[in-house]
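Mind docking chain B on chain A? Use the hints.
Chains as they are written, first to last, in numbering that gives the first Met the number 0: chain A, 0 to 215; chain B, 0 to 291.
One or more hints might be untrue.
30 Å max Cα-Cα, derived DSS-like pairs, lysine-lysine [unchecked claim]: (1) A:76 <-> A:35; (2) B:108 <-> A:119; (3) B:31 <-> A:119; (4) A:116 <-> B:189.
Quick partial rundown of chain A residues pointing at chain B, CB under 10 Å, derived from the structure [stated by the list, open to error]: (5) 117; (6) 127; (7) 129; (8) 131; (9) 150; (10) 156; (11) 194.
The set of hints was computed from the structure by calculation and includes no laboratory data.
C-beta atoms are modelled at their ideal positions from N, C-alpha and C, and glycine is treated no differently.
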Amino acid sequence: MKTPPIAILDYGMGNLFSVRQACRFAGLEADVTCDKGKIMRAGALIVPGVGAFGDAMAVLERGELCAVIADFIKSGKPFMGICLGFQILFSESEEFGLQKGLGIFPGRVVKFSRPGKALKVPQVGWNSIYSARGATGWNGTELSGVSDGEFMYFVHSFYVQPLLQECVLATSTYEGIGFCSAFKKDNVFACQFHPEKSAGAGMAIYRNFQKIIERA
Amino acid sequence: MSKNIRIIPRLDIKGADLVKGIHLEGLRVLGKPEEFAAYYYECGADELLYMDVVASLFGRNSLHGIISRIARETYIPLIVGGGLRTIEDIAQVLRVGADKVSLNTEAIKNPKMISEAARKFGSSTILISIETIKQADGRYLAYTDNGREFTGVEVLEWAKRVEELGAGEILLTSVDRDGTGKGYDVELTKMVSDAVAIPVISGGGCGSLQDVEHVITAGHADAVTLASVLHYDRLKRFPGTVPNLTGEGNMEYLKSGKSFSKISPVNLCDLKSYLVARGINCRHSVSLGKVG
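The shape of chain A in the complex, shown without the other chains:
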């Protein structure tokens, strides 16, 4: 069966070329779009994003896209949020004062910091992800078949502290600070790293996503 076309949300935040390439790699036909109708008709939605939280929220509000993201998630169809596209799903961010997020999930976005220590921020580079749900906890999710401790590519200064601990799918540690690197709740998968830049391991995530879409 042919997988239905999916949508990659184009809201001017970040490199969509590589997300689209990764979809193609996994056999997913993707529309890069901000058209509400197209998004709601799509078989799945990917919200990528690089940049500032406040800017992203302002763009989404101006384009009346906040409700589109929320409605899409409510529809139960597969959803993937990447990096900033993960962070904006939560209640608020402490980036440049307190910024309101979409509030789809309770939780907060905070900056890497530790009193009395100068940290190299942003984290730029490869880091390991570990299962927060035991040895078989990734089965059936987007991380199915990925090795515990596998390296993924990260670029970020802020990380998500979700209130719902049971939704933490993977954790990582940077400069001694543990954080949630992947999140899964029902039809929503969201990650702090960039699967589209994470070589073979990242491509495995896109292939899993494709299978999940096919089953949906």
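Showing chain B alone in chain A's frame:
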């Protein structure tokens, strides 16, 4: 646990060919950049750096075709530099598949461009390339146009300034060491890396595995670029891959079959194992992108 060091092959491009010089000059043609890129990707490169080495001299952007071809086959970050003058130049290379850009000449001429670019594309997208030459009195000065143009700008001062202006990383290249195989400039790397909070990528001079180890442990580099050592290794493994070059650059080296004298070839997989065995963290046991 210390963080993972990134190993970044540097591909200098002239026209459609991969080239390598010494002190960023006297470019020799080595082959097709696409083939080298694909090979390094499969060997576990953490990112790739493409530098259009003559673009800032002739004002042309010949990289677009190469970038998009490589971006379709490699799923790791691509850094592109050389001849990027305007915000629109940056937007264009990002559109064809680059993830980050590296600026030098234009940034020194017009530092405001750094903050403008960082605001528009995000700090993590904007790398500032600092090409350095050590002066007789021991000072390090920044040069532009591949080490040809004197600017009088002090490297340390400039590094702190670009951080303030919003640069995401610094690509620090020693022109003195480039292509010589004498090792990275550890003193230079440490000076800059200790003075800024953003990552410093050290380049120029790698001649062996030990050189990489040294610039990480003693120079505090967050990432390194390598060129000759990797290219030489690949040429040894695939000696037959020379056809269809456009010949922009000196072809004599390839025809002669000579080797780089001071340089021992380095394979990326061997380098990663070497570093891990010495307690230096880096991404290893790589799964490939070319499955199913």
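So, going through the hints one by one against the coordinates:
At most 30 Å may separate the alpha-carbon atoms for a hinted pair to count; residue 76 (chain A) and residue 35 (chain A) meet this at roughly 15 Å. With a CA separation close to 28 Å, the supplied pair residue 108 (chain B) and residue 119 (chain A) stays within the 30 Å bound. Taken as a hint, the residue 31 (chain B) and residue 119 (chain A) pair is broken in the structure, with Cα atoms around 36 Å apart against an allowance of 30 Å. Taking the CA atoms of residue 116 (chain A) and residue 189 (chain B), the gap is about 19 Å. The hint holds against a cut of 30 Å.
Satisfaction of the interface hint for residue 117 (chain A) is found here, the shortest Cβ-Cβ separation to chain B being roughly 6 Å, below the 10 Å cut-off. Against a cut-off of 10 Å between C-beta atoms, the interface hint on residue 127 (chain A) holds, since the closest Cβ of chain B lies about 8 Å away. The closest approach between the C-beta of residue 129 (chain A) and any C-beta of chain B is roughly 13 Å, which is over the 10 Å cut-off, so the hint fails. The interface hint given for residue 131 (chain A) is violated, since its Cβ lies 18 Å from the closest Cβ of chain B, which is over the 10 Å cut-off.
With a cut of 10 Å, the hint placing residue 150 (chain A) at the interface with chain B holds, because the nearest CB-to-CB distance is about 4 Å. Nearest Cβ of chain B to the Cβ of residue 156 (chain A): about 9 Å, under the 10 Å cut. The hint holds. Of the supplied interface hints, the one on residue 194 (chain A) holds, with its beta-carbon coming within about 9 Å of a beta-carbon of chain B, less than 10 Å.
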